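Starting from the given sequences, assemble the full structure and let the hints guide the process.
Just so we're aligned: the sequence shown equals residues 1 to 758 in full-length UniProt numbering.
These are computed hints drawn from the structure, not numbers from a lab.
Please read these numbers as outputs of a predicted model, since none were measured by experiment.
You may find that some hints are simply not true.
[What the hints assert, rightly or not] Listed below are the simulated DSBU-like cross-link pairs for lysine-lysine, each with C-alpha atoms no more than 35 Å apart in a straight line:
#1 477 x 243
#2 577 x 696
#3 698 x 589
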Amino acid sequence: MFEIKESSIEWEGKSLHIKTGEVARQAAGAACVSYGGTVVLAVVTLQKDSAASKKTSDLSGLALVTNFLAKSYALGRIPNGFFKREGKLSEREVLASRVVDRAVRPLIQENLVNEVNIVCKLLAHGNKRVLPEVPALIAASVALQLSGIPFSGPVVGVDVNRRGTEITCNEITETEDGLGVFVACTEESIVMVEAEANESSEEEVVSALSEALKSAKPIFSFINEFVRGVGTVKSVGVLYDNKELYEKVRLLCSAQLENVYNEKINNKEERHNRLSQVYMDTFAELSADGYAESEILFFIKKLEKEIVRKNVLENGIRPDGRGLTEIRPISIALDYLPGTHGSALFTRGGTQSLVVATLGSYQDEQVMDDIDGERRESVLLHYNFLPYAVGEVGALRAPGRREIGHGRLALKAVKAILPGKDVFPYTLRLVSEITESDGSSSMATVCGSSLALMDTGVPVTKHVAGIAMGLMTDGTKSAILSDISGDEDMLGDMDFKVAGTRSGIVALQMDMKVRGISISTIRDALNQALTGRLHILAKMENVIAEPRKNLKDSAPKILCYKIDKDVVHKVIGSGGKTIRGISSDTSTKIDIDQNNYVYIMAETEEALMEAKSRVDIASGASDLNVSVSQLKIGELYEGKIVSIVDFGLFVALPNKQEGLVHISEISRSRVNDIRADHTEGQPVTVRIKDIGPDGKIKLTMRIDEDRVGSGSGPSPKKRFGAPPRKNSKDHRSGGNERVFNDRSNSGEGSPVGRKRFF
1 MFEIKESSIE WEGKSLHIKT GEVARQAAGA ACVSYGGTVV LAVVTLQKDS
51 AASKKTSDLS GLALVTNFLA KSYALGRIPN GFFKREGKLS EREVLASRVV
101 DRAVRPLIQE NLVNEVNIVC KLLAHGNKRV LPEVPALIAA SVALQLSGIP
151 FSGPVVGVDV NRRGTEITCN EITETEDGLG VFVACTEESI VMVEAEANES
201 SEEEVVSALS EALKSAKPIF SFINEFVRGV GTVKSVGVLY DNKELYEKVR
251 LLCSAQLENV YNEKINNKEE RHNRLSQVYM DTFAELSADG YAESEILFFI
301 KKLEKEIVRK NVLENGIRPD GRGLTEIRPI SIALDYLPGT HGSALFTRGG
351 TQSLVVATLG SYQDEQVMDD IDGERRESVL LHYNFLPYAV GEVGALRAPG
401 RREIGHGRLA LKAVKAILPG KDVFPYTLRL VSEITESDGS SSMATVCGSS
451 LALMDTGVPV TKHVAGIAMG LMTDGTKSAI LSDISGDEDM LGDMDFKVAG
501 TRSGIVALQM DMKVRGISIS TIRDALNQAL TGRLHILAKM ENVIAEPRKN
551 LKDSAPKILC YKIDKDVVHK VIGSGGKTIR GISSDTSTKI DIDQNNYVYI
601 MAETEEALME AKSRVDIASG ASDLNVSVSQ LKIGELYEGK IVSIVDFGLF
651 VALPNKQEGL VHISEISRSR VNDIRADHTE GQPVTVRIKD IGPDGKIKLT
701 MRIDEDRVGS GSGPSPKKRF GAPPRKNSKD HRSGGNERVF NDRSNSGEGS
751 PVGRKRFF
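Quick look at the structure:
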């Protein structure tokens, strides 16, 4: 019934096992790969009806769709949500899908007419230290080889990590102070790179790539031997291979295409209008002979690539007339949107990114739950690309794979310069609106985000910038291009995005359209990218070299301090009643994280300090309160007003506690302007109306009315105790709190021990 073929090899200290012939036998090719306890099934299918696979006129490339699916059962979980089943792909699945797709796409013949689908399904993830993309890519490669699709594999993925001087392969480690690179490679070359580099040098990156090639070497012969053992595979698929049509296309439009590119037209729209006319004339001539429009377009694009490649390699002429290392003109505008927390408009040639920064509280963090586990993300970056960015008409849809991937790449770059939560406890969201696009929009997002951070006042210490590098090669000669345009991306052989600071590389993403490049070519590209990156950083630093000293008035204020673990339950209260009450009464957002840090966010300093006072009362922190039992409901006390808010007065009592006189309890007559008759520091006589279970003290100044409580006659007034000083270091929590966005004390050179202001 089953014709099972399987084989195993030891690789980087873990067993790699490949099996086929048992599952998904009706597909063109299927392989199940287990590596270190992580199991992935890859299935390849081919649209058999080539006519149904004909691509429309705007899709002249390979029709490949790749999906990576991570089922909850692979993690030993039941899905969250009402329906208890998986829905659309998560962001993590989308990113994994892109990794596999980008690795195999350049190895499938681009003139394949049939649509190809690859599905990689994570069946088990028993080893969390194995990156699932490693077995997924091997499984996809084997399935493609078994399918008969024209594929120049195998391709192997290696996860390289470095901490300090130690380099490991296929063993997940923390990369906060190191380097993490996923490399897809063939036996001789690099096909795809995805990296988070933490200011690594160019040579450190090259060393990691070399280590990946070395690690993968024994797996190629293992895979090839396994595929040969399965038996002869019959070739499938229909190819665009009409030499007669290609010659007709060459005769009809070669001279016209050469004229367009030889004119070095710098304006993208003008150049595209000229090219469109060439396309339409060629379609009109050849469609009458019965050729399909998609086939004609394929050969026009093929000819166009040859002409552009020849111009670059032989004449040093780029489509827009620039030199090989020339960067397009850069324009920068800060504080572009009034009322936002921070914004920047970054324009490089025909590519433009409007980046807006927004600050939020702990509650605004995104809770992620995927194959990497449950975690909270306090830094978000969303990249939006609408059709108008390239002058087109189209439906507005949810963010697609490209937008998710570009946003994640930019996030990797930006995270490298951000301060820790102990320094800047805000949740940060960056949104990049691509308003124009002519290549390198993700790298424009990196530059715009760095500028927006400084405009916001986020305490970053340096800028980060990005540049996209290209490659033109004919197999013998090569040319590396700096800051590629959209046409150079489409017609060239490489899209190599490099982001970094003056100190080193922080993020990489490399995609190929040829079957890989050598380590030496990558080294040259990285060194050329460094020159371009430094040029861009200089432009950015000329506009703003360090963050604004204060956050904008529109930005919220946050106070962060630690409380004792034993009193957390007191602050939260039964069912969260206490903390919700404090938050509601003071119009603030209050959170306590797993490390017992209290985060309070408010629009005003008054609300911020009142919420802190209430939290401290509830927790019984430090020497804040002499026992509440010393205060008697119904008794009169002498106090002083320490804070005036719209809804009442906060009064300091003899035992250093504070109580609230609601505006309705100040006088029997209506109080129209609470600040007209009362000032901070003013002595007042108050009566205690009530003391809540959370320590909240309700006061009244209507002492001429009937007393609350028992007894006759007025109680003797209690002597006033010194109130806490407003905006001083609060002794009640040990002085370890930090207030952010308080402009009352923001001068430089503040002495050690005072609150930190930004």
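Structure-based check of each hint:
1. At roughly 25 Å between alpha-carbon atoms, residue 477 and residue 243 fall within 35 Å of each other, so this suggested pair holds.
2. At roughly 13 Å between alpha-carbon atoms, residue 577 and residue 696 fall within 35 Å of each other, so this suggested pair holds.
3. Distance restraint check for residue 698 and residue 589: the Cα-Cα separation of roughly 22 Å lies within the 35 Å cut-off, and the hinted pair is therefore satisfied.
Hint compliance for this structure: no hint is broken.
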